[in-house]
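Enquirer: Sequence:
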Amino acid sequence: MSNISRQAYADMFGPTVGDKVRLADTELWIEVEDDLTTYGEEVKFGGGKVIRDGMGQGQMLAADCVDLVLTNALIVDHWGIVKADIGVKDGRIFAIGKAGNPDIQPNVTIPIGAATEVIAAEGKIVTAGGIDTHIHWICPQQAEEALVSGVTTMVGGGTGPAAGTHATTCTPGPWYISRMLQAADSLPVNIGLLGKGNVSQPDALREQVAAGVIGLKIHEDWGATPAAIDCALTVADEMDIQVALHSDTLNESGFVEDTLAAIGGRTIHTFHTEGAGGGHAPDIITACAHPNILPSSTNPTLPYTLNTIDEHLDMLMVCHHLDPDIAEDVAFAESRIRRETIAAEDVLHDLGAFSLTSSDSQAMGRVGEVVLRTWQVAHRMKVQRGALAEETGDNDNFRVKRYIAKYTINPALTHGIAHEVGSIEVGKAGGPRGLVTSLLRRETGHRDQRRHDRHRADGRYQCLDSDPAAGALPSDVWRPGQRPPSLPPHLPVAGGGGQRRCRTAEPAQRDRRGKRLPYGAESRHGAQQPAA
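Heads up: the sequence shown begins at 1 in the UniProt record's numbering, then just goes up one per residue.
FYI, nobody ran anything at the bench for these hints, they're computed from the structure.
Here a beta-carbon is modelled for each residue, glycine too, at the ideal position from N, C-alpha and C.
Treat the hints with care, as some may be off.
[Claimed, not checked] The list that follows gives simulated cross-link-like pairs (lysine to any residue, SDA-like), each with its CA atoms no further than 20 Å apart:
#, residue 1, residue 2
1, K44, P102
2, K44, I125
3, K49, V148
4, K382, P102
5, K382, G97
6, K44, D103
7, K20, I125
8, K89, A353
9, K401, E33
10, K44, E145
11, K20, D394
12, K20, F45
13, K382, R366
14, K401, P324
15, K401, L351
16, K89, K49
17, K89, F45
18, K20, G393
19, K44, A120
20, K401, A24
21, K382, E334
22, K20, P102
23, K89, A114
24, K44, S2
25, K49, K20
26, K49, D11
27, K382, H419
28, K20, K382
29, K49, E33
30, K401, E425
31, K89, V118
32, K49, L23
33, K44, G80
34, K401, R22
[To be verified] Now the in silico label distances, taken between C-beta atoms and shown as ranges:
#, residue 1, residue 2, range
35, G223, G80, 56 to 66 Å
36, A387, D34, 13 to 23 Å
37, T305, I4, 18 to 28 Å
38, P282, M12, 53 to 63 Å
39, P106, K49, 16 to 26 Å
40, D240, D283, 27 to 37 Å
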């Protein structure tokens with residue numbers, strides 16, 4: 001058998017066991033723990049490459065091969081850091097292992113046929129799509145921004161740009177829940193709505209769960225009383241959903257000890273448990289010490305650095321409908337912004353005491369920065385605190401697994417959706433029509449800037465592309481919302497003001513009698529199908 005150098009192998013097929021990869025510009029280094037491909041039998045697409053008829057591609061029918069294969073991917077997940085091929089069938093992960101032609105290649109677990117599409121993942125990292133569990137549904141453009149940042153599942157509440165939605169992540173009542181489910185139907189992300197949990201009698205909560213919410217949100221602006229907390233948790237246990245809590249900053253209805261007593265050892269997700277986003281002042285952070293509490297952070301306080309404090313007061317005043325001319329409103333806001341607890345938050349994340357990161361989008365947070373801020377904290381803690389005691393080699397694998405879990409598997413487990421999303425595992429996917437699978441690709445080396453995409457369960461793609469009229473390697477790379485040099489000044493920027501949405505090709509819309517509607521009729525006359 002011929003041999004090639006380790007460097008040549010990495011350049012051709014990506015890193016393998018023992019190779020180390022630096023994560024972007026951080027001080028975090030990962031080491032490949034296992035390689036599920038077969039040396040000498042790797043598959044790769046392209047001119048003169050392996051995936052060709054009679055070679056890496058077999059003769060099987062569509063039923064016997066995968067629909068999509070990601071070749072030579074470096075998987076980074078809570079369960080490991082592994083090199084493998086990934087097969088997707090019917091919108092779900094079919095296998096993680098060795099792809100190829102089983103007629104002529106050994107150890108094939110992912111058969112490639114004429115019905116198989118290929119994503120070249122050599123030199124790229126594959127992670128589960130991020131899950132943001134703190135979304136204020138103020139505008140639909142948040143979904144596109146989240147998707148570009150690597151978030152594919154969004155859990156939260158709201159009704160649009162209303163005062164209640166700006167402050168609280170609640171979609172109140174069956175009518176709003178149905179309308180929001182209809183409005184979100186065309187968004188290319190997984191959606192979970194939170195109902196309003198601030199009520200002391202259970203029937204108003206049961207009807208919201210029956211209408212389709214994934215959980216209940218208790219927010220201090222609606223009254224986070226012990227009675228409301230107990231009622232919501234009782235209904236949650238009865239109907240198998242989660243409760244998210246933004247507790248009482250003013251301590252009007254009780255202190256943190258009273259809230260913990262009302263929780264009574266039951267599982268609950270506490271939002272922005274550090275406290276700047278809201279919660280018992282000044283000691284809500286102590287809740288993270290309790291085993292039944294699932295504490296999360298929102299991203300403006302992550303990491304604690306030079307300008308972290310400066311923006312928070314104005315952000316809070318706007319978000320919670322406060323008046324800067326009223327002394328009591330200013331005092332309320334100032335009680336929530338504490339340097340000491342914000343500084344402690346990073347360390348608690350590094351110790352594993354804080355479990356989740358989220359955005360608090362368009363309120364006390366930014367929807368596109370969940371993934372970014374999480375890794376900034378990981379980097380800062382590596383620089384400040386050094387290697388974790390749990391590390392077993394000259395790498396940061398344990399820390400990387402801990403931090404990637406904060407926006408993938410941990411929120412999935414917290415909200416009961418880990419059987420669908422949250423990790424790269426066989427059987428998981430993005431769900432039904434038009435939703436996003438749990439696959440995210442990123443470059444691992446100094447390579448040309450190419451198009452990046454998110455693959456959806458129905459085979460469509462969301463693509464970052466600088467110029468649709470360019471060749472394979474457009475020279476000007478830009479972010480959505482920015483104006484590329486090649487764009488005439490009179491044209492709107494995609495993602496910016498004046499954008500018009502285009503719908504991806506879907507089955508023809510028909511009226512109740514089965515007659516086909518003209519193109520665009522469904523958008524003029526409203527949804528043609530009932531809410532989920």
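Enquirer: Does each hint hold? Answer for all of them.
Expert: Comparing the hints with the structure gives:
For the suggested pair K44 and P102, the alpha carbons sit about 15 Å apart, so the restraint of at most 20 Å is met. Of the supplied pair hints, the one linking K44 and I125 holds, its CA atoms being roughly 16 Å apart against a limit of 20 Å. Restraint check: the Cα-Cα separation between K49 and V148 comes to about 31 Å, which exceeds 20 Å; the hinted pair is violated. Using a Cα cut-off of 20 Å, the hinted pair K382 and P102 is violated, with the two alpha carbons roughly 44 Å apart.
As the CA atoms of K382 and G97 are separated by approximately 32 Å, the hinted pair breaks the 20 Å bound. For the given pair, K44 sits about 17 Å from D103 by alpha-carbon distance, which is consistent with the 20 Å threshold. Restraint check: the Cα-Cα separation between K20 and I125 comes to about 13 Å, which is no more than 20 Å; the hinted pair holds. Between the alpha carbons of K89 and A353 the distance comes to roughly 37 Å, so the proposed pair goes past 20 Å and is violated.
Under the criterion of a C-alpha separation no larger than 20 Å, the hint pairing K401 with E33 is consistent with the structure, at around 12 Å. This hinted pair does not check out: K44 and E145 have alpha carbons roughly 32 Å apart, beyond 20 Å. Straight-line distance between C-alpha atoms of K20 and D394 comes to about 10 Å, which keeps the hinted pair within the 20 Å bound. Restraint check for K20 and F45: not satisfied, since their Cα atoms lie roughly 24 Å apart, outside the 20 Å limit.
Between K382 and R366 the CA atoms are separated by roughly 24 Å; this puts the pair beyond 20 Å, and the hint is violated. Between the alpha carbons of K401 and P324 the distance comes to roughly 43 Å, so the proposed pair goes past 20 Å and is violated. For the proposed pair K401 and L351, the alpha carbon gap of about 13 Å is at most 20 Å, so the pair holds. Annotation: proposed proximity of K89 to K49 is violated, straight-line Cα distance about 23 Å (limit 20 Å).
Of the supplied pair hints, the one linking K89 and F45 holds, its CA atoms being roughly 19 Å apart against a limit of 20 Å. Note on K20 and G393: the hinted pairing holds, with a Cα-Cα distance of about 11 Å set against a maximum of 20 Å. Distance restraint check for K44 and A120: the Cα-Cα separation of roughly 7 Å lies within the 20 Å cut-off, and the hinted pair is therefore satisfied. Between K401 and A24, the direct Cα distance comes to roughly 16 Å. Compliance with the 20 Å bound is thereby established for this hinted pair.
A hinted pair counts as satisfied when its Cα atoms are at most 20 Å apart, and K382 with E334 does not qualify at roughly 31 Å. Proposed proximity of K20 and P102 is contradicted: the alpha carbons are some 31 Å apart, above 20 Å. Straight-line distance between C-alpha atoms of K89 and A114 comes to about 14 Å, which keeps the hinted pair within the 20 Å bound. Annotation: proposed proximity of K44 to S2 holds, straight-line Cα distance about 18 Å (limit 20 Å).
Under the criterion of a C-alpha separation no larger than 20 Å, the hint pairing K49 with K20 is inconsistent with the structure, at around 26 Å. A hinted pair counts as satisfied when its Cα atoms are at most 20 Å apart, and K49 with D11 qualifies at roughly 14 Å. Between the alpha carbons of K382 and H419 the distance comes to roughly 32 Å, so the proposed pair goes past 20 Å and is violated. A hinted pair counts as satisfied when its Cα atoms are at most 20 Å apart, and K20 with K382 qualifies at roughly 17 Å.
A C-alpha spacing of about 27 Å is found between K49 and E33, which places the hinted pair above 20 Å, so the restraint is violated. Our distance criterion of 20 Å between C-alpha atoms is met by K401 and E425, whose separation comes to about 15 Å. For the hint pairing K89 with V118, the CA-to-CA distance comes to about 12 Å; that is within 20 Å, so the pair holds. Between K49 and L23, the direct Cα distance comes to roughly 28 Å. Violation of the 20 Å bound is thereby established for this hinted pair.
For a cut-off of 20 Å, the pair hint linking K44 to G80 is broken: about 23 Å separates their Cα positions. This hinted pair checks out: K401 and R22 have alpha carbons roughly 14 Å apart, not beyond 20 Å. For G223 and G80, the Cβ-Cβ distance of about 45 Å falls outside the hinted range of 56 to 66 Å, so the restraint is violated. The supplied range of 13 to 23 Å is met by A387 and D34, whose beta-carbon atoms lie about 21 Å from each other.
A hinted range of 18 to 28 Å is violated for the C-beta pair T305 and I4, which are about 44 Å apart. For the hinted restraint 53 to 63 Å between P282 and M12, the CB-CB distance of approximately 56 Å keeps it satisfied. As the Cβ distance of P106 to K49 is approximately 19 Å, the hint placing it in 16 to 26 Å holds. Checking the proposed 27 to 37 Å range against D240 and D283 shows it holds: the Cβ atoms sit about 31 Å from each other.
Hint violations for this structure: numbers 3, 4, 5, 8, 10, 12, 13, 14, 16, 21, 22, 25, 27, 29, 32, 33, 35, 37, all remaining hints satisfied.
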